[in-house]
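Protein chains: 2
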Amino acid sequence: MLLGELVDTNSAWLSRRLAALGISIYRHTTVGDNRERITAVLREAAARADLVLTTGGLGPTSDDLTMECLARAAGRELVEYPEAREHIERAFARIGYTSPPRSNYKQALFPEGSALIRNPLGTALGAMVELDGTLVATFPGVPAEMQIMFDEEVEPVIRARSAGGVILSRTLWFVGIGESALAERVQDLLDMSDPTVAPLAGQGRVRLRITARAGTEEEAKEKIRPVEHEILSRLRKYYFGADDDTLESVVGRMLQERGATLALAESCTGGLLAKRLTDVPGSSAYFREGFVTYSNESKERLLGVPHELLVQHGAVSEPVARAMAGGAREVAGTDYGLSVTGVAGPEGGTEEKPVGLVWIGLAHGEGVITERLDLSAWARSRSAIRERSANRAFDLLRRYLSEHN
Amino acid sequence: MLLGELVDTNSAWLSRRLAALGISIYRHTTVGDNRERITAVLREAAARADLVLTTGGLGPTSDDLTMECLARAAGRELVEYPEAREHIERAFARIGYTSPPRSNYKQALFPEGSALIRNPLGTALGAMVELDGTLVATFPGVPAEMQIMFDEEVEPVIRARSAGGVILSRTLWFVGIGESALAERVQDLLDMSDPTVAPLAGQGRVRLRITARAGTEEEAKEKIRPVEHEILSRLRKYYFGADDDTLESVVGRMLQERGATLALAESCTGGLLAKRLTDVPGSSAYFREGFVTYSNESKERLLGVPHELLVQHGAVSEPVARAMAGGAREVAGTDYGLSVTGVAGPEGGTEEKPVGLVWIGLAHGEGVITERLDLSAWARSRSAIRERSANRAFDLLRRYLSEHN
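Order-wise, the sequence lines are chains U and G. Residues 1 to 405 in UniProt numbering are what the first sequence lists, from first letter to last. Residues 1 to 405 in UniProt numbering are what the second sequence lists, from first letter to last.
Keep in mind that the hints were calculated from the coordinates and are not lab data. Hints may contain errors.
Derived pair list, reagent style DMTMM-like, types lysine to aspartate or glutamate, alpha-carbon separation capped at 20 Å [unchecked claim]:
id, chain 1, residue 1, chain 2, residue 2
1, U, Lys353, U, Glu308
2, U, Lys221, G, Glu5
3, G, Lys106, U, Glu184
Selected chain U positions facing chain G (Cβ under 8 Å, derived; list incomplete) [stated by the list, open to error]:
id, residue
4, Asp63
5, Lys106
6, Gly165
7, Ser169
8, Ser180
9, Gly270
10, Thr278
11, Pro281
12, Thr350
13, Pro354
Derived coverage of chain G by chain U (criterion: at least 3 residues anywhere in the stretch with Cβ under 8 Å from a Cβ of chain U; other residues may be distant) [said to hold, decoys possible]:
id, segment
14, 29 to 41
15, 80 to 91
16, 107 to 117
17, 152 to 160
18, 196 to 205
19, 311 to 319
20, 368 to 382
Ideal Cβ positions, reconstructed from N, Cα and C, are used throughout, including at glycine.
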């Protein structure tokens, strides 16, 4: 991780869970596979906090040092736990080994006095150990294993030790307004201290996070509610959802409520809209089919885009976006057809049609609406152009559905 | 970030750049928007290291505290820099404001004696300041802004100050073998200290990273080369690429070399294969079109899957995977057709066809080959099933192309 080959998602996941338990998180620290530095970090963290969680370094290889360093930091011996040995042997037996690779027995060693954390998904068990009155809990780095171990074994222990209270957050999502412009409208709220309101921007969307600390979840909600109302009274026009909502889940819910169906016609986004739409479980209720027409010939043959349009205006043009959306709707027999065609780069831009020029189209019962996007500010990033194009296309459909209820 | 609402990708990006400059990275630390804790972390880091980079906290709002805390840690005054004030005014003028929002003038304040870091993409300039002989450089949290500022302004400064030497990594990618089984085969290499070899697993792929430290890039390469050859001599069968290669980029390169074309037919992956294939710039050279047939009726109408097959075997079945691959190839007129149909969950599983059952198919000139995947171990994660299905489908095509050169 210190070489940058891997992005740490575990810290974010654990932090969300801890916040929900009312635990204030003061630091995330990442340290390399080095005995002295791991041991020092464990001691420092234990001196600073009441609870320390670690992920990674529980594997069978020689650079997996967490247990050894934890034993050293706590001044304890590493000892073999028979139940851990059995767990490892069973795990390998299940996949057809008569005995585990020798190195895996290392995973049966824990600081003396540890309470083990069961791992239903892998060979690496975790441990809970006291270090100068601080609870240290170790987890493997594999997210799925860490998550189930935290939920099933460690959360109850933390809950029992903690003073109570909760930190609750509510996130409001906006689109079609920049971060500065949005912050201006709610500057007085951003200066409050309880609840706090903080803005965060990314890929054409802006969120405001309201965070309250209180004795109970209900009290925290009571503190958040009026602030949320105040924000929405000022920014309703740009608001599209809360918390885990995404543009695709919101659009999906709107379609489902109306019993309406959607087809997609994608060129430069190359399947990204379809992928995001089907990230949402249950999307088969409204998503019928998607066409990734990456060649001009596909646009003609599959969507019925007239050859003359492509010749005269080029694939990235208003008439082609219009014909793609209409074609998808017609071929699929759906209520709506949504299209994207653009220059995602890094190559393929011209003076007339630079990287970042994108046309989106929405075919509905009464016609087709189109929008021109200028994403040339993100010309260095193919993925930014594609994600922003998808966001704007979903938002075009969202706005249409809101206005035509 | 401490509330877990955001995953930190900047640390990984900066770490890769620093490693390439031969800088050893000892720690990543994340700390909250709190004056005392930010100031303490800056002091600690400066005491420990020769170089400290920070991201985030340079915005116009009241919880943006980096400059204030840096001034405090360095014992300097915050002063207004006229060139920063002009930069902000120009940026807002470009988007049609006569003057910036008042709060943005905060972004013109820096610790006295700072060297400013220009930001061509946003209003937040960075600063380089000396703190007890340590160079501290601050960046905004927006990745695109941070990256261009590092590359254009800070890297040259670090290069000039550093002792020289490089840390070079080479990553080898494998598929079709588990992490433990792979580690067993190269255990002796994993125990080496220079170069080091470390395994890492994820979504059905395993990578081995070889890392060497040397005076020059050429020397580091000399150290890596024999280790790479040794690894490949043992694991050639599972090897698919190196460094930034992905299954989709490797498959794309193979298709392009052969002048061959591909069409996709996706059900449970819902556009993910198309999205990943078109993440690769230049993919239009071999990717013709993709069908996201999320309904049975779409599979019949677009791909010509016989109605009887769907009734008799269900959409998730060998015959349907076969018909989808063949249909895509035929309709698109491509050399190859690749299909995926499965139960991605969380709903929709039955005893006979549980969540995680996936069929993949590859249609080529002489027929169709299919494979059954059992991904039920990941039944809790729709995204894991979809990503692993995509990996296995791309690998099916990769193996076929390797064997039929």
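A quick look at each hint next to the structure:
Distance restraint check for lysine 353/U and glutamate 308/U: the Cα-Cα separation of roughly 19 Å lies within the 20 Å cut-off, and the hinted pair is therefore satisfied. A hinted pair counts as satisfied when its Cα atoms are at most 20 Å apart, and lysine 221/U with glutamate 5/G qualifies at roughly 18 Å. Annotation: proposed proximity of lysine 106/G to glutamate 184/U holds, straight-line Cα distance about 14 Å (limit 20 Å). For aspartate 63/U, the shortest C-beta to C-beta distance to chain G is roughly 6 Å, which falls under 8 Å, so the interface hint holds.
Here the hint on lysine 106/U is broken, as its CB sits about 12 Å from the closest CB of chain G, past 8 Å. Taking 8 Å as the C-beta contact cut-off toward chain G, the hint placing glycine 165/U at the interface is violated, the least distance being around 15 Å. Below 8 Å, beta-carbon pairs count as interface contacts, and serine 169/U has one with chain G at about 6 Å; its hint therefore holds. With a least beta-carbon distance of about 6 Å to chain G, the hint placing serine 180/U at the interface is held under the 8 Å criterion.
For the restraint placing glycine 270/U at the interface with chain G, the shortest Cβ-Cβ distance is roughly 3 Å, inside the 8 Å limit, so the hint holds. Annotation: interface hint on threonine 278/U holds; nearest CB of chain G at approximately 3 Å, less than 8 Å. At a threshold of 8 Å, the smallest CB-CB gap from proline 281/U to chain G is about 6 Å, leaving the interface hint in force. Taking 8 Å as the C-beta cut-off, the interface hint given for threonine 350/U is violated, the closest approach to chain G being about 15 Å.
Using the Cβ-Cβ criterion of 8 Å, the hint placing proline 354/U at the interface with chain G is not satisfied: the shortest such distance is roughly 16 Å. As drawn, the segment 29 to 41 of chain G meets chain U at 7 residues by the rule of a beta-carbon pair under 8 Å; at three or more, the given contact holds. Look at the segment 80 to 91 of chain G against chain U: 0 of its residues bring a Cβ nearer than 8 Å to a Cβ of that chain, fewer than three, so the hint is violated. For the segment 107 to 117 of chain G, the stated coverage by chain U is violated: 0 residues have a C-beta nearer than 8 Å to a C-beta of that chain, whereas at least 3 were required.
A count of 0 residues in the segment 152 to 160 of chain G with a Cβ less than 8 Å from any Cβ of chain U is obtained; the coverage claim is therefore unmet, three being the minimum. Residues of the segment 196 to 205 of chain G with a Cβ under 8 Å from some Cβ of chain U number 5, which satisfies the need for three, so the listed coverage holds. Under a criterion of three residues with beta carbons nearer than 8 Å to beta carbons of chain U, the stated coverage of the segment 311 to 319 of chain G fails, only 0 such residues being counted. For the segment 368 to 382 of chain G, the proposed coverage by chain U is satisfied: 5 residues have a C-beta within less than 8 Å of a C-beta in that chain, meeting the threshold of three.
Violated hints, listed in ascending order, are 5, 6, 12, 13, 15, 16, 17 and 19; each of the other numbered hints is respected by the structure.
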